[in-house]
Structures are given as C-alpha cells and as structure tokens.
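In order, the protein sequences belong to chains A, B, C and D. Counting from 1, position 147 in the first sequence corresponds to residue 147 in my numbering; the numbering is continuous, with no gaps. Just add 279 to wherever you are in the second sequence, counting from 1, and you've got my numbering. Just add 558 to wherever you are in the third sequence, counting from 1, and you've got my numbering. Just add 837 to wherever you are in the fourth sequence, counting from 1, and you've got my numbering.
Do not rely on the hints blindly, as some may be mistaken.
As the list claims (entries may be wrong) - The list that follows gives simulated cross-link-like pairs (lysine-lysine, DSSO-like), each with its CA atoms no further than 27 Å apart:
1) B:K379 / B:K418
2) A:K9 / D:K846
3) C:K566 / B:K287
4) C:K697 / B:K287
5) A:K100 / A:K139
6) C:K658 / C:K697
7) D:K846 / A:K8
8) D:K845 / A:K8
9) B:K288 / C:K658
10) C:K566 / B:K288
11) D:K976 / D:K937
12) A:K9 / D:K845
For the record, the hints were derived by calculation from the structure and aren't laboratory data.
4 protein chains.
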Amino acid sequence: MIGAFDGKKLRRLLASAVLTGGPRQTVLGIGGDSLTLMAGPCSAESEELVEECAREVSRAGCRFLRGGAYKPRTSPREFQGVGEPALRWLRDSADRHGLKVVTEARDVSHLPAVAEVAHLIQIGSRNMQNFELLRLAGKTGVPVLLKRGLAATLEEFLLSAEYVLEGGSSVVLCERGIRGFEPWTRNTFDVGGMALLKHLSRWPVVADPSHGTGLREIVGQVALAAVAAGADGLIVETHPRPEESLTDREQAFPLSDLQELCVRAAYVRSTVRWSYLLP
Amino acid sequence: MIGAFDGKKLRRLLASAVLTGGPRQTVLGIGGDSLTLMAGPCSAESEELVEECAREVSRAGCRFLRGGAYKPRTSPREFQGVGEPALRWLRDSADRHGLKVVTEARDVSHLPAVAEVAHLIQIGSRNMQNFELLRLAGKTGVPVLLKRGLAATLEEFLLSAEYVLEGGSSVVLCERGIRGFEPWTRNTFDVGGMALLKHLSRWPVVADPSHGTGLREIVGQVALAAVAAGADGLIVETHPRPEESLTDREQAFPLSDLQELCVRAAYVRSTVRWSYLLP
Amino acid sequence: MIGAFDGKKLRRLLASAVLTGGPRQTVLGIGGDSLTLMAGPCSAESEELVEECAREVSRAGCRFLRGGAYKPRTSPREFQGVGEPALRWLRDSADRHGLKVVTEARDVSHLPAVAEVAHLIQIGSRNMQNFELLRLAGKTGVPVLLKRGLAATLEEFLLSAEYVLEGGSSVVLCERGIRGFEPWTRNTFDVGGMALLKHLSRWPVVADPSHGTGLREIVGQVALAAVAAGADGLIVETHPRPEESLTDREQAFPLSDLQELCVRAAYVRSTVRWSYLLP
Amino acid sequence: MIGAFDGKKLRRLLASAVLTGGPRQTVLGIGGDSLTLMAGPCSAESEELVEECAREVSRAGCRFLRGGAYKPRTSPREFQGVGEPALRWLRDSADRHGLKVVTEARDVSHLPAVAEVAHLIQIGSRNMQNFELLRLAGKTGVPVLLKRGLAATLEEFLLSAEYVLEGGSSVVLCERGIRGFEPWTRNTFDVGGMALLKHLSRWPVVADPSHGTGLREIVGQVALAAVAAGADGLIVETHPRPEESLTDREQAFPLSDLQELCVRAAYVRSTVRWSYLLP
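Produce the complete structure using the sequences and hints provided.
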C-alpha cells in the first residue's frame, strides 16, 4: 500500500474514535433516535415570503425554519441578502408557527444579531476554515451548524468543528456536497463521507441535498439517500414559486412538494437503523 | 452564468431526454418495479468459496451471483484472477442455487468464454472507454453491465453505453464511485449523479457500494442510500471471512450480514417511489 | 457540446476581457517587464530566524520578505504563529536589508496591525471567499496579495479580487495549487490556470510553488515552470534548516539554494516573452 | 499526520527509487541531455494535411511527426479517424522529411499495422489501464509512449508502465493533464506531478500541452513550463488552419507559430538544468 486509501489505518481511527470521542450527543433534539427536518427559503427576501414558507414548513412537519439574511455571494455585484430586518422576520414567523430558527452568520460582525434570533447558527461552506468566526461563534453558546467546505477532507471538517467546540458551543455537522468534475450537478453530494462521519464523530450529522445537487429534480432522491445513510436530519431550500427565487433558483424545492418529501423521509428513517449495519 | 453548472441547460436535456430517449427498458428483469440484488466474492478464488457464497447469496434473496475470473489489477505483479476455470465454478454454483451470473470481461479475448457462462457481462471502470471492448461486447447479444469510469462525466458514461447499444446488446448502468480528494474513502459514491442518470437514461441503473466506498463499515449505509435515491439494484462484494479475501479486502462485506442488508434494502425500496419526487 | 469545456465561449471572454478589463497594471513594481521574487520563512518563529532569512533573501536578489505572524491552522491545537511581535521583526529586518514585507492577515482583527507593517497584505487560500476580510483589506489602501482558494474556479478567484478592488486597494493574484486526488503532492499546481489568468486579468499574477507542491524536491522545478508560463513573480517558503521548521516542514526550500533558484528564474524569464506566444 | 500527503514517506520512496529503479534510460534519443519535440495534426485527416504538417514540423526542428489514424472518440457517432491509409501517409511524409512517427494504437487489433510504421507507439489516456493492450504493445518491441490516465495517480501511472516493460519494450511517460473542476480549461496540466515523475522514474518524461489545456492560447505557455520543469520533450497538436481541424479544434496550435515555440523551448531548456535544483 503506497497510495492514499488505507482501510487498516482508518479502521484503527474508527476503533479509537480519536478525533471526537465521548458519548453521542444530541443538539436541540437533533441526533439520537429522531429525524430533524429544516426547510425554508434560500434567502429571506421579504416578510411575506418568510411567513408563507414558515406556515408550510411547519405544516410539513419540520422543526426548523431556515433562511438567509446575509448571503455569501461569489460576486460583489450580486444580491447580498436583506440583512438584519430579515432576522426579525425569521424569528417572528418561526415563533408564530412553533419552529426554531437556523440562519447563517457570514461574518463575525453578524454574530451578535444572529445569536439573538437563531437557535442554531449556520456557518457556511466558504467559512469552514474562517477560524476566527468558528471561535467566536463557539463563544456565543448558541449551537452551531457547521457546513463542510467545498474541498474539505473529513479530517479538516472535524478539526474545524473543534474550533467551535473549544469555545463552548455544541455543533451539528452538515454535509452539503463537494466540488467535483461533473458539470451536470452543482456539487457532488458525498454520501459515503457522510456515512463515515456518523462513525467518526459523536455530534449529529445532517444533510443539505439542495446545495449537494444544485438541481431540484434530484433534491428529493438525494434527501432520502442521506436519511438512508444515517443522516440525523435534512436542511432543504424551498420556495413557493421556485422560478421567482432571487438566489439559487435551480435548486429551490417546490414548497408544495415539501410535505410529501418529509413523509417519505420519515418512512425511510423508520426502516433504517443504520448503526445496525456496521459489521 | 459563466461557469460550468447550468441548471436551465440541463433542464432542457431532461425534458428532451436527448441522449437515450425512448420507453423505459428492463434487462433480465432489472429495472421497472423490481429491486435486483447481486452479490458474491470480489474474485472467484476457489470452487469452495464460490459455492459457499452462492448458497448464502441465494438464501439472502439475491438474483445474481457476481465474481471475478479475470481481475484488472493496477500492478502486473498482483494476483490477476484464476481465469477460465473460475467461470465454470461461477456458472455451476449459480445454476445449483437458481442464480444468474454477472462477471467481468477485462479484454476482448475474454468475451467468448465470458459470454458463454454469463447472463450479464460486466465491463469494468477502467474499460469504460475501451471502445473496442464495448463494441464487441455489444455484439455478443448478452446484456452488459457497464461501470462508470473513475473520472467519467455522466455524458461520457451515457455515450459509452451507446457503443454497447450500437452492437445490439442491452445495457445496465452501474455507478461505482468516482475519484476524489478524500483519503478516508477509496472513492466518492456519486449518489446525485446516479439519481440524475435515472432521469436521463431509459436503461436500468444499479449501484456498487463496495467500490463506491472501499470500506465495509459503510457499505450497508451507502447501499441503502442508493436504493433510496432510485437504484434499480445493488452489486455487493461479499466474503465469508473478509480478512482472508485475496483482493479488495477492506471493502468485502461479511456474508453473514448480507441477508440483513437485503431485507433492509427491500424495505427502503418499498417506501420510495423515487419518480414521484420529481417536481 | 454538452459538457463543461467550451473553448469558443472562453475565447469570447478572452476577447472581451469582460471580467477585469482595462490597461495592464503593476503593483509595487510587480508586473510589467519585471520578475519579482518573494521569500522567507513559513512562520516568523523568532527574531533571529527572520533576520537570518532576510539577509539571505536580500542577497539572493529577492525584493520581498515573506513570513507569517498569524498562521491559519487546520487544528486549534497546532502552533498558531507568534502574532504581533513577529510583525515588528519582519518589518525591522526587511528595512535593514532593503526589502518590502508581505504577510498574512488571517482575520479582520489583524488588519490594522498588518496594514501598518506590510507593503503587501496576504489573504490566504482558506479566506479567498471571506468576503468581509476582502472588503476591509481593500479599504486599507495597502495592496493585497490574494491567494486562490483550494477549490476555486478561475471565475470565482477573479470575482473575489473584485471585492478587494471595490474597496480601493490594488491586487496581485497568486496561484498556489488546487486540491486534487494525487496523494504524492500536497496540492496540484495549476500552471494552465495561471497561464490563463495572465490573459483574463490586467492585474499581476504570481506563483507559490511551495504550497503548490508541498515538497521541497520539486519546488525549484515548479517555480521555473511558473516563470516560463508567464508568472510576474514567485513567493517561496525558505528555511535555513528545513527540518527544524515548526510549520510546513516538507515544503521548506533550503535558504542556501535560494540564490541559485533566483538566478535560474531570471534566466528563464529573459528567454520567455510569454505574451508573444498567444496565437 | 492522518491525511493523505506524507512528505516523509514520499521522501523514502524517492530515496529508494523503489518503483522503477536502475540507471537513467534514453529511448530513441529521447531523454538524457536532449529535448525532443513532436508535432503534427490531431488526426491524419488527409494525405495533403499530413504532408503539409510534416514539412513544417521538420522545418521547425522537431524530430517526430505525430498524427492519429485511429481516434478514440467519446461518442460512437463522431469521426473515428481514417484508419490504415493514414498510417501510410504518416510514415511516407515522415520519411520524406527525416522525421520519426509516433501514432496511437487504440486497440490490440491495431498493433500489427501501427507497429509496422511507428517508431513510437502511443497508448492513449483512456487506455492507460487497458492492461492487455499494454502487455501486447510491450511485446512488439517498439517503444511505447504511455499517456497518463485522466484520473490516474502517479503510482498507477508507473505501475501501468510496468505492464509495458514486462513485455520488453521501453517506455516514454507522457503527462497530458488530469481531470479537475475548472471549466475554463479542458484538463489540468499537472506540472508538479510531472516534475516528480522525473525523480521517481528512470524513463523519459514528455509533456502534451495540447490535451493538457485544451486551449491554443495557452499551449505555448504550458509547453515552456513543462520544459522548465524538466520535461524531456513535448508533443503538440498543430494544424495549418486550426479552425478547420476535424477534431480537437480548440487546442490546435497554429503550424505557423510552431517554429517560434520550438526555438523558445530550446532556450528554456538550455537555461534549466533541473536536476541541479533538487535539494
């Protein structure tokens, strides 16, 4: 064995759980025996959109409302999100419909405002190695949803989580697709990596099939795949009228199909006790 | 949109089914409403091993016995498979236990012998663009299981299938993981790509979670994920005593756990009617 | 043409220079007809090391002293750099030996101190899409050396540069290797991407063969390759005793070989007028 | 160190030259102190084109005429090359202009005809692990130009060369770009991997900047980069009127610029004694 993959070495890692050992954790009820569903618009574009989504997201059986107030955009000339007012819309609508809020802090300067409304602070893919943001988010005491970087190894992902944990917050790991050579999907959802994370980490692992595929036609299939592979939850971008979404239009899942997806995800979960399958 | 991913363009492709249009096909009963399970040893090392596997594979509810007589090996100094005698063992054991045979032709010179015993001729990942092999395999009239190349785009994969179809054989597409940067898994199982293949092609799509992960600890999870994403079948490397396997030891799934895996796969299948989820 | 690579489309981009058009720029003398060499230790570990490096870096013919005061580290338990005192060492040694300073701001909180001593503020690979850092670095007025992200497309790289340019600072682009599947090199130095950047952008482009390879045995070859492909400069990690380096030991280039490398780079530069070769 | 890149381990490999040890070899004058240039059309489309190219290729100072008689094509409905007549055109024109022939055998059935005219048999990227073709090409006794696979590690590449060497032929290794995520270049030319090959193997290493980039605008820059990094030769696709090329039009280098490129390559070579730079 000269090359990279070394099953024996990895098996030793699995045995010692060296990276993030200790008893399994749940975070805000995420993890353990439950399946936690999170959904909402890519960006919280207007109060009406947020409210419309919250109502349907709650009705579909989700526990979290997602939505971006601060959008990380590749170009400085793209729509950057509504900002602070959107945070209020999210929390108000969430409260009205019995949901919790997960929303992104794109920068340390957003942390105070985000920490005030969010039950779960999202740190995005591009910031997975923004160590100061990780550290300070960890010090808010609010749990953190950490997304895997576009080209991050599992080891790097777990070590970034350590930056958050050092601060004191608990963490939820989120697989959201890695960059690959395939031009027909936006990203390559790494279902095997996610499956392995479940063995390596004691923290909950959720899946984002929206960014993981970039294509609403397969969001449902990949969502169910993630659940079958052991995901503790899903975070899905939805929109009542996908073609009108200001951001990430191609991957917006129709709000009207969300309930069906949630029901099927629960079915799949109930038939899979993934841990049993570990030889 | 300057970069690679263009959802609108892909949506047009999906609409026109331009690549491999026509009514949906089944091949040897693979496809349609059924879930087809294939299992067996990586290489058909001995008559006893083949027989032991065939018995358990049949008992677990699989329909196909897999096993390699000719193994493609990275180095010329590695074990290259038993060759022609192994073909006979496979067919005899399969017949005894009511199974069909799927086995690889690594080279055009193997085609006559393989076509005689195999119900389904496997063309391996390294040969996905060995066009002469594709063409001649297509002319045997025996259906072909075509594995996706390590770095093949979905477009290249579908176009390779066309080489087989031109010859006259029908084809089963097999996703088996692509090469990525992650050192902890042998390959990156592209569940999103597989989901998309189901929409783009009218031919059955099966999944190989063994090569797709390289790690027996997550073979089960990825197998179920593939089924949840719409796979028409699974092909799994099993061994009664994984640590004794001469080839691909790290990914050999214990024969004793196969039945459990098959039962769970059937459950997942029954709760997923993937096509419904296409918005 | 269904897939990703579309030469005609790119050719139109090249013709219109749509992304960052305008006359060619030099930054602190980087660009134009000159070749600018930058070298120094990975991290500024001690005053003595910095002084020893500065003396040799100047003697070898380099114009910039590099060195990290704040090191971005994958794990929170690794050495994170000396911090502010190191900034002073760098500037003092640089001044003594007629060099300019290039050093990294890992976070917005470092900007004031870094902007005070640095002639060129480095923004590292992990921060290429840390948009707030880009924006605020751009507002310091100090030129910025922007490193390409590990998995950033050229388009994303150029758009990140726009965040800096919007603030008012000028920018130097730095290719430093992308993540690939090859386990024997730390990164894949994208010499073709760098060559293309020279056509697409009017800002100078430099190369980092240290991170680009991770292996001191080939740093020299890749450095010369970058110059041959049109790089306006090189930034190289050196150490008087590579095996004692606290960080990135494997890629530290021996200080004693630096002069030889600089001389050869100048030779290569003089024989290549890359722009001539554009058909 | 848990992840993939392990400089120490690689350093041990470099020290022992374990893979393909022994004294350095030259093949048909390729290797050693010389720089060998090979050029010609992508496909040998007509006798006139071949003759026109051969004349200019010879005039530019190249030693080999390249050209494809059998073209490996992604789709069965694309132009597959002229076949056997093209082999004759290549040899006749080469003889007339004092050149040697390098041309591809896409399949074992082509070997007899190709071995009759070619001084150097090319095995293409898609066939790097077509082990039977490697073996039988090795038995012709004619030297083999082996191209690196699209997603092949250096280890796999070197092991494929062993299949050829076992047969008795000598081998020339050719880096031609690997598959990456960047949509603006067709492939990612791995200059670092090529530099490392020079240390790991005793066989000559040449570079193909045409497939390595897919874009004629940067073929020249990448060609010189490869020479600067230690390449023993270049193989370049040229065409008198690139826009009329039947295959790989985007990357065809104008025949009228070939001489200039060759002169510059020789200059770069003369200023680089790469081996000196190994610390």
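Now the hints, each set against the structure:
For the proposed pair K379 (chain B) and K418 (chain B), the alpha carbon gap of about 20 Å is at most 27 Å, so the pair holds. Of the pairs offered as hints, the one joining K9 (chain A) and K846 (chain D) holds, with about 15 Å between alpha carbons and a cut-off of 27 Å not exceeded. As the CA atoms of K566 (chain C) and K287 (chain B) are separated by approximately 20 Å, the hinted pair is consistent with the 27 Å bound. Note on K697 (chain C) and K287 (chain B): the hinted pairing is violated, with a Cα-Cα distance of about 38 Å set against a maximum of 27 Å.
Distance restraint check for K100 (chain A) and K139 (chain A): the Cα-Cα separation of roughly 20 Å lies within the 27 Å cut-off, and the hinted pair is therefore satisfied. The suggested pairing of K658 (chain C) with K697 (chain C) holds, with an alpha-carbon distance near 20 Å, which does not exceed 27 Å. Only pairs whose Cα atoms come within 27 Å are accepted, and K846 (chain D) paired with K8 (chain A) is accepted, the gap being roughly 17 Å. A C-alpha spacing of about 20 Å is found between K845 (chain D) and K8 (chain A), which places the hinted pair at or below 27 Å, so the restraint holds.
For a cut-off of 27 Å, the pair hint linking K288 (chain B) to K658 (chain C) is broken: about 49 Å separates their Cα positions. Pair hint K566 (chain C) plus K288 (chain B) holds up; C-alpha atoms about 17 Å apart against a cutoff of 27 Å. For the proposed pair K976 (chain D) and K937 (chain D), the alpha carbon gap of about 20 Å is at most 27 Å, so the pair holds. Straight-line distance between C-alpha atoms of K9 (chain A) and K845 (chain D) comes to about 17 Å, which keeps the hinted pair within the 27 Å bound.
When the structure is compared with the earlier hints, violations turn up for hints 4 and 9 and for no others.
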